[in-house]
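A.B. asks: As a plain string of letters, each chain reads:
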Amino acid sequence: MTPRARWHPWAMLGPTLALLAVFFLAPIGVAAYESLFSWDLLTPPRFVGASNYAALAARGELLHVALRTTAYSAIVVLGTMSLGLALALLVDRPGRLFALVRTSVFSAYVVSWVAVALLWMWMLDGNGGIFGRALHGSPLGDPGWALPTLAVVGIWKLTGYSMIVFLAGLQGVPRSLHEAAALDGAGAWGRLRHVTLPLLAPTAAFVATTSLVTSFQAFDVVRIMTQGGPARSTELFVYAIYEQVFLDLSVGRASALTVVFFALLLALAALQLRVWRARGEAAR
Amino acid sequence: MIARRDVLRASAALALCGCRQRARPVREDGRLVVTFWYAYGDLVRKVLLELVARYNASQSRILVKAVHQGDYFEALAKLRTALAAGAAPTLSHVVLEVVPYLARAGVLEPLDDYDGAREMPFVPALDQRGSFAGAGREPLVAIPFNRSTPIAFANARVLEEERVEMPRTWEELAEAARRLTRRASNGEVRWGFEVPVSWWYWVAMVGQAGGRLVEPDGSLTLGGDAGVEAIRFWQRLVRQDRVMRQPPGRDYQAWQSSNESFLQGRIAMMWSSTAYVRYLEDNARFPVVAAPLPRHVRASVPTGGTMFVLVRSAPDEEKLAAWDFVRWMCADEQTIAWSTRTGYLPVTRPAVQRLAERGWYARHPNDRVAYDQLSDATPWPWSPDLFRVDRDVVEPRLEDAVLTGRDARALLDEARSEARRPA
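Top line first, the protein sequences correspond to chains A and B. The working numbering applies: residue 4 is where the first sequence begins, and numbers increase by one. The working numbering applies: residue 3 is where the second sequence begins, and numbers increase by one.
Under the rule of at most 20 Å between Cα atoms (straight-line distance), these lysine to any residue pairs were calculated in the SDA-like manner:
# : chain 1 : residue 1 : chain 2 : residue 2
1 : B       : K80       : A       : I227
2 : B       : K67       : B       : R47
3 : B       : K48       : B       : L65
4 : B       : K80       : A       : R226
5 : B       : K80       : A       : L44
6 : B       : K80       : B       : R106
7 : B       : K67       : B       : V49
8 : B       : K80       : A       : T46
With beta-carbon atoms standing in for the labels, derived distance ranges:
#  : chain 1 : residue 1 : chain 2 : residue 2 : range
9  : A       : H67       : B       : D415      : 16 to 22 Å
10 : A       : V117      : B       : R408      : 32 to 38 Å
11 : A       : S110      : B       : R351      : 56 to 62 Å
For the record, the hints were derived by calculation from the structure and aren't laboratory data. Ideal placement from N, C-alpha and C gives every residue a C-beta, glycine not left out.
Please work from the sequences and hints to get the whole structure.
C.D. replies: This is how it looks when you write it as structure tokens:
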């Protein structure tokens, strides 16, 4: 289809571009600008150049927050993908029982993060929670276990979503291919490895991307369950930004963290695009 | 041409309370509305709302609307944002550590010239001038509301069974905690002692070890050797003696966890706020005994809780109405109701006197502990950086030291150098 005038595509793109400019690009620009100031919202800002970045780097905070967030995301993405795929393969069958299991697993994804966090806090509570009592204390109080525990909560919440997307992907795997493979002597494992998994690769890439973005944006679960503690062991990027601006009174440092967070996500997205393109070219 | 920096400065200046006054007071059914942001849950919230309802019923001119805003720190975050956005309430209450910062930012209403402000008969250690060292020349901006000190609580039944007395010194505390700690064969532990590893209790211990956060010449030392000794004592109880549990969670989540553990009999002694006296007494299935915090080289406690503040940018008529409510809350009857139903300190001298005359303290000795401790209260420094030093510099390092065993002196050296760096 050829546009009648050169400006027609821009007119079509206009509303989206305007929304992106107002709600994404402009705020990032403002954050980048404010990261050069020391400002507490209430007193006049003071220009400090790159001091906010230097202070965050000097304290090791930038590196620690980035590593922590990456570790949390890695556990959540790997956990949700493997569990989601396993469950999808298990419940991709007709019958009421499997429908009930599918609905039950997916229901966790529908529940709000706040409700999920409160539910898990109750179960992990060292005074009366089912897990807390079994473990003789809450793992949320241990700096070595608090982050993996939050990641488990994230996996529990997101696995339903991953399972549903994998189920949709499984519907797109032609039955004839399975039959042909079976005729060629492939067993269940062989059909899974050489037929199902390769055809699920685009679905897996989609699940990986969306889970990565969701896990990088983790806030509610940290805010409710640990407030970044103990000893900052669960301070992830978005929570660190919140803490800097609202609890530590430092808009400049929060803005600096925001800029770094944006750059990190941009780099990850670019890397992912590159991998996809390379795979696409190889497939051709 | 206007530079971008000028735009930012101008918007910041606009955000300053004095420059962005809400023009018109709000009215509802002919009554002047005072919006009051508060930060309590559970019992304290219930008592406060009952008092507000009583005030609203007592007259027909002013309507106080109390709006819950989460815990102290959530409420403060919302207050600061609302101040910047020009949408702040008329009245709120804030933790002591943040009062100097808000005062310097110019967002608090000076109260010296308000009717009766200078004559209110507050308990000296609890009003603005008694709560802050060096605040004598500062304008009056904060009125004591829910005031407290940390105190020690114990399960009296367990103390009796184990023949342990309430400890009066740090060494007695360590020994009592050792004798009260019990490890069952199934791995369950009844801890001898528990206290949230947080700023307020650390400040108490710094004072007890003979130090102070800020020296009289204004230099910030964070207690020097006393600060180190306080952290090492915690490290010893948690890591070496293994008689103290650090409650999970931060801020009030940790406090709540301690309260629950105490009520379930899973800890024998704890430090908490006098604010919980009534809650603990009403909910425990054992007798609760309270006592002053133990001393080390001396006795010392910080005061805590919050102060009423009026927002400077509110319309004058609303501020006068809010002041009427604050004065009503500080009258004897309300002060007594607030204190006896929660455990917070009565903030005026006549209220204390009436409680003593009525025999309240004889019947409720736990309520008297915090008041008696005021003789050992150490005022906070009037420093605009105090809140930042608390939240950003010291608090995370305390957890770090106790949970990971990092060297206390190195951590405090690091904290001092960061505290001295401009925000």
